[in-house]
Amino acid sequence: MKALEKIGRGTIGFFEYAGGITALAGESVGFVARLRIRYGETLSQCYLLGVQSLIIVLLTSLFTGMVFSLESAEQAVQYGVGSLVGGAVAYTSVRELGPMLSAVVVAGRCGAAIAAELGSMVVTEQIEALRSMGLAPARFLVVPRLLALIIMLPLLAIFADVVSIVGGMWIAGAVAHIGSGDFISSVRQTVGFEDVLKGLFKSIVFGVIIALVGAYQGLSTRGGAAGVGKATTGAVVISIIAIFITNFIMSYLLYGGN
Amino acid sequence: MPSVIARLDDVSLCYGDKIVLKNCTLDIVEGAITCVIGLSGAGKSTILRLLDGLRPPDGGHVYIRGRDLCHMTETDINKIRAKISLSFQFAALLDSLSVGENVALPLRENTPLPEAEIKQIVLDALDSVGLSHTYDNLPSELSGGMLKRAGFARAIVMRPELVLYDEPTTGLDPIVTHLITDMIVRLRRKLGGTAVVISHDLQSIFMMADYVAMLFEGAIIAYGTVEEMKRSLNPIVQQFLGGSEVGPIPI
Numbered sequence: 001m002k003a004l005e006k007i008g009r010g011t012i013g014f015f016e017y018a019g020g021i022t023a024l025a026g027e028s029v030g031f032v033a034r035l036r037i038r039y040g041e042t043l044s045q046c047y048l049l050g051v052q053s054l055i056i057v058l059l060t061s062l063f064t065g066m067v068f069s070l071e072s073a074e075q076a077v078q079y080g081v082g083s084l085v086g087g088a089v090a091y092t093s094v095r096e097l098g099p100m101l102s103a104v105v106v107a108g109r110c111g112a113a114i115a116a117e118l119g120s121m122v123v124t125e126q127i128e129a130l131r132s133m134g135l136a137p138a139r140f141l142v143v144p145r146l147l148a149l150i151i152m153l154p155l156l157a158i159f160a161d162v163v164s165i166v167g168g169m170w171i172a173g174a175v176a177h178i179g180s181g182d183f184i185s186s187v188r189q190t191v192g193f194e195d196v197l198k199g200l201f202k203s204i205v206f207g208v209i210i211a212l213v214g215a216y217q218g219l220s221t222r223g224g225a226a227g228v229g230k231a232t233t234g235a236v237v238i239s240i241i242a243i244f245i246t247n248f249i250m251s252y253l254l255y256g257g258n
Numbered sequence: 259m260p261s262v263i264a265r266l267d268d269v270s271l272c273y274g275d276k277i278v279l280k281n282c283t284l285d286i287v288e289g290a291i292t293c294v295i296g297l298s299g300a301g302k303s304t305i306l307r308l309l310d311g312l313r314p315p316d317g318g319h320v321y322i323r324g325r326d327l328c329h330m331t332e333t334d335i336n337k338i339r340a341k342i343s344l345s346f347q348f349a350a351l352l353d354s355l356s357v358g359e360n361v362a363l364p365l366r367e368n369t370p371l372p373e374a375e376i377k378q379i380v381l382d383a384l385d386s387v388g389l390s391h392t393y394d395n396l397p398s399e400l401s402g403g404m405l406k407r408a409g410f411a412r413a414i415v416m417r418p419e420l421v422l423y424d425e426p427t428t429g430l431d432p433i434v435t436h437l438i439t440d441m442i443v444r445l446r447r448k449l450g451g452t453a454v455v456i457s458h459d460l461q462s463i464f465m466m467a468d469y470v471a472m473l474f475e476g477a478i479i480a481y482g483t484v485e486e487m488k489r490s491l492n493p494i495v496q497q498f499l500g501g502s503e504v505g506p507i508p509i
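So the sequences go chain by chain: A and B. Everything in the first sequence is counted per our numbering, starting at 1 for the first residue and increasing by one. Everything in the second sequence is counted per our numbering, starting at 259 for the first residue and increasing by one.
Just so you know, the hints here were simulated from the structure itself, not pulled from any lab data. A hint or two may mislead.
[Stated by the list, open to error] Below 30 Å or equal to it, Euclidean Cα-Cα: the simulated BS3-like pairs (lysine-lysine) are:
hint, chain 1, residue 1, chain 2, residue 2
1, A, Lys230, B, Lys280
2, B, Lys337, B, Lys488
3, B, Lys488, B, Lys280
4, A, Lys6, B, Lys276
5, B, Lys280, B, Lys337
6, B, Lys276, A, Lys2
7, B, Lys280, B, Lys377
8, B, Lys488, B, Lys448
9, B, Lys341, B, Lys280
[As the list claims (entries may be wrong)] Estimated spans, in silico, between C-beta atoms of each pair:
hint, chain 1, residue 1, chain 2, residue 2, range
10, A, Gly10, B, Ser390, 54 to 60 Å
11, B, His458, A, Ile37, 28 to 34 Å
12, A, Ala225, B, Leu355, 21 to 27 Å
13, A, Ile12, B, Lys337, 31 to 37 Å
14, A, Ala225, B, Ile277, 26 to 32 Å
15, A, Leu253, B, Ile277, 49 to 55 Å
16, B, Asp326, A, Gly223, 42 to 48 Å
17, B, Leu355, A, Ile37, 30 to 36 Å
18, A, Ala3, B, Arg323, 50 to 56 Å
19, A, Gly10, B, Lys337, 37 to 43 Å
20, B, Lys337, A, Gly30, 15 to 21 Å
21, B, Val287, A, Ile37, 38 to 44 Å
22, B, Glu367, A, Ile12, 49 to 55 Å
23, A, Ile12, B, Val443, 47 to 53 Å
[What the hints assert, rightly or not] A few chain A residues facing chain B, derived, Cβ under 8 Å:
hint, residue
24, Glu96
25, Val123
26, Ala129
Just so it is clear, CB atoms sit at the ideal spot from N, CA and C, and this is done for glycine as well.
Assemble the whole structure, with the sequences as input and the hints as a guide.
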């Protein structure tokens with residue numbers, strides 16, 4: 001009976017959470033549609049959430065591209081398909097690694113920051129103060145962060161793609177003596193503009209997930225400093241899980257097994 | 259017969275399993291300072307949140323100028339909130355904005371006033387609480403008493419008809435407590451509006467209150483002027499005002 005109760009509670013909790021996020025998304029989209037946007041704050045969030053994440057995204061992507069090339073280049077040359085390494089690195093980077101890695105890094109850095117900031121505002125009654133002044137927290141706080149991540153995450157993914165490919169090319173040359181000309185030619189033959197666009201579309205969806213989960217976690221904080229800690233951890237864990245699941249679904253739908 | 263600006267009518271409210279308010283009825287007289295007293299955790303601050311429409315009751319009605327908040331959308335409640343201000347216990351200033359920007363926020367967001375006029379109104383509001391020199395300071399740079407006064411400035415900047423003060427003197431030294439009590443009376447006179455004050459500080463309540471309501475076990479059990487409350491024969495009121503451990507209030 002207890003196990004059944006637990007399943008029931010878990011199910012209700014899941015739907016309550018999903019409903020809450022959906023309501024927050026709907027409210028935020030409503031403000032965006034009516035152009036009730038705080039442009040200055042959105043710009044400031046673009047800097048805080050996007051520009052300040054650039055270095056960590058670049059480092060992560062560079063080393064991932066290098067590792068991928070390191071693992072595959074020598075073997076590819078042994079099997080006589082060294083000319084395909086560039087394509088393999090670029091294909092993986094543009095379709096999966098660029099959008100995913102940048103999203104996971106930003107979820108860890110910015111999803112946590114959003115949840116912690118909004119959670120602290122709940123605990124110190126600042127959110128209630130906003131409502132008391134007739135200001136909707138969704139418009140005042142969520143919309144700028146949501147728009148900032150929708151704009152900045154695809155840009156970060158482009159940087160991640162480029163750096164990952166360049167890192168892969170360097171290692172392919174250094175380890176397996178694959179020339180940069182061959183590498184770039186393979187990249188051009190394998191990756192199309194459509195792949196880049198699909199990767200960027202994924203980034204936009206990931207940006208929405210990170211902003212909404214972080215904001216919802218923050219705004220539903222209960223119980224003081226401990227509550228802020230729980231909300232922050234939850235924001236990172238839930239965003240990352242949601243990113244992986246959504247990535248699989250999108251890859252299936254966008255690429256259809258190709 | 260004094261006119262009533264706000265009314266809690268038979269209001270009930272629970273937090274989880276805990277009953278906070280049970281059939282609670284309270285009239286807020288227009289133009290007066292009404293102080294709500296009661297034990298810690300009795301639900302006094304909840305009364306302010308009900309009056310500001312921040313929380314709907316589980317049962318009963320909340321009326322502001324005869325309009326029931328319980329049947330309004332958030333947009334309609336926001337129109338009512340333009341005439342009501344809540345001053346929070348710990349000021350609740352946005353810590354990313356300066357004191358001046360905090361006080362200017364309701365004006366910038368809710369009125370079409372030009373920036374120069376907003377700045378003048380904000381400086382006047384800060385001046386009336388003795389804080390015009392803190393315009394560019396961040397809230398983290400102010401003391402507890404100054405924060406509360408900055409919160410008052412934000413609460414009065416829209417010239418509301420009803421100001422709700424949540425524990426304005428809690429945790430302050432006697433001099434600042436006296437200063438803030440005096441300020442609440444002065445601000446009410448200046449704005450010509452109504453105030454509801456939640457407080458435990460009896461000395462300060464006796465200084466400012468026109469009416470006192472005592473909340474006990476979820477309901478208003480006594481209501482009257484300061485003198486009427488002091489003369490009350492209700493043993494709960496007597497015990498609370500006397501600060502005695504002995505009596506019907508369970509410790």
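Verification of the supplied hints:
Of the pairs offered as hints, the one joining Lys230(A) and Lys280(B) is violated, with about 33 Å between alpha carbons and a cut-off of 30 Å exceeded. Between Lys337(B) and Lys488(B) the alpha-carbon distance is near 38 Å, which puts this suggested pair outside the 30 Å criterion. Between the alpha carbons of Lys488(B) and Lys280(B) the distance comes to roughly 25 Å, so the proposed pair stays at or under 30 Å and holds. Using a Cα cut-off of 30 Å, the hinted pair Lys6(A) and Lys276(B) holds, with the two alpha carbons roughly 24 Å apart.
With a C-alpha separation of about 28 Å, the suggested pairing of Lys280(B) with Lys337(B) holds against the 30 Å cut-off. For the hint pairing Lys276(B) with Lys2(A), the CA-to-CA distance comes to about 25 Å; that is within 30 Å, so the pair holds. This hinted pair does not check out: Lys280(B) and Lys377(B) have alpha carbons roughly 44 Å apart, beyond 30 Å. Distance check on the hinted pair: Lys488(B) and Lys448(B) sit about 28 Å apart at the alpha-carbon level, within 30 Å; holds.
Straight-line distance between C-alpha atoms of Lys341(B) and Lys280(B) comes to about 27 Å, which keeps the hinted pair within the 30 Å bound. For the pair Gly10(A) and Ser390(B), the beta carbons lie near 55 Å from each other, so the given range of 54 to 60 Å is met. For His458(B) and Ile37(A), the Cβ-Cβ distance of about 43 Å falls outside the hinted range of 28 to 34 Å, so the restraint is violated. At roughly 22 Å, the beta-carbon separation of Ala225(A) and Leu355(B) lies within the given 21 to 27 Å, and the hint holds.
For the hinted restraint 31 to 37 Å between Ile12(A) and Lys337(B), the CB-CB distance of approximately 35 Å keeps it satisfied. As the Cβ distance of Ala225(A) to Ile277(B) is approximately 28 Å, the hint placing it in 26 to 32 Å holds. Look at Leu253(A) against Ile277(B): about 51 Å separates their beta carbons, and that is inside 49 to 55 Å. Between Asp326(B) and Gly223(A), the C-beta spacing of about 32 Å breaks the proposed range 42 to 48 Å.
Distance hint check for Leu355(B) and Ile37(A): the Cβ-Cβ separation is about 18 Å, which falls outside the suggested range of 30 to 36 Å. Checked against the hint of 50 to 56 Å, the C-beta distance between Ala3(A) and Arg323(B) comes to roughly 54 Å, which is consistent with it. Checking the proposed 37 to 43 Å range against Gly10(A) and Lys337(B) shows it holds: the Cβ atoms sit about 41 Å from each other. Judged by the Cβ atoms, the range 15 to 21 Å given for Lys337(B) and Gly30(A) holds: they are separated by roughly 18 Å.
Between Val287(B) and Ile37(A) the C-beta distance comes to about 43 Å, which sits within the given range of 38 to 44 Å. The supplied range of 49 to 55 Å is broken by Glu367(B) and Ile12(A), whose beta-carbon atoms lie about 36 Å from each other. For the pair Ile12(A) and Val443(B), the supplied restraint of 47 to 53 Å holds, since their beta-carbon distance comes to about 50 Å. Proximity of Glu96(A) to chain B is violated relative to the hint, the smallest CB-CB distance being about 36 Å (cut-off 8 Å).
With its C-beta approaching chain B no nearer than about 10 Å, Val123(A) sits outside the 8 Å limit, and its interface hint is violated. This hint holds: Ala129(A) has a C-beta 4 Å from the nearest C-beta of chain B, less than the 8 Å allowed.
Violated hints, in rising order: 1, 2, 7, 11, 16, 17, 22, 24 and 25; the structure is consistent with all others.
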